[in-house]
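All chains, please: the whole structure from these sequences, using the hints.
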Amino acid sequence: AQSVDQPDAHVTLSEGASLELRCSYSYSAAPYLFWYVQYPGQSLQFLLKYITGDTVVKGTKGFEAEFRKSNSSFNLKKSPAHWSDSAKYFCALEGTGYQNFYFGKGTSLTVIP
Amino acid sequence: NSKVIQTPRYLVKGQGQKAKMRCIPEKGHPVVFWYQQNKNNEFKFLINFQNQEVLQQIDMTEKRFSAECPSNSPCSLEIQSSEAGDSALYLCASSVTGDEQYFGPGTRLTVL
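From first to last, the protein sequence lines stand for chains A and B.
First residue of the first sequence: 107, per our numbering; consecutive thereafter.
First residue of the second sequence: 2, per our numbering; consecutive thereafter.
To be clear, the hints were calculated from the coordinates, so they are not data collected in a lab.
Take a look, some chain B residues computed to stay more than 12 Å from chain A by CB distance:
no., residue
1, 23
2, 84
3, 86
Short, incomplete list of chain B residues facing chain A, as computed with Cβ under 7 Å:
no., residue
4, 42
5, 101
6, 104
We treat Cβ as the ideally placed atom computed from N, Cα and C, and that holds for glycine.
Here's what the structure looks like:
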């Protein structure tokens, strides 16, 4: 069965530090993976996706993510972090069946100025 | 920012009542998704459309939920007989190709 796990419900760091939000997935075939962000009071916004090819994908707002097949991970990274990055981040997997998506429970990121 | 419009933003119903919510996808987006997000932030895919055709839906949707995306009208999701467990945030998303999705603000349903 397909699933997405975001093991860290909350992450807090100081502005200027490097951020890495963890995401692991379970899927038997080649995955399509996504990151979305939800700023306070706003809708989910697309950040980036991995379909195939380069294992490091770059997205909007200076974020990038690295796909690692060896440990089924798709971690989101940014350096340096800015206070405006404080938001909730969701990792998602496109699974079997036509366009069926699975989301993780999200990681709430707080960047302290 | 997403231009997906969802109405109403809040919906309160009694058990057994019908609950209907609407979604206007972004212009030029033929693929529409509906998700249910519970209080634990867990997303559940409900149904998706390409233009007016259902692509996929889960069993729950088939039994008590009905949805449609008529041409030139908003898409809609209706719960025929609401239950307390249906209380959640219902999110609509649209997409050009079906992978990168643009989400609306959601309709928060409370079933008393």
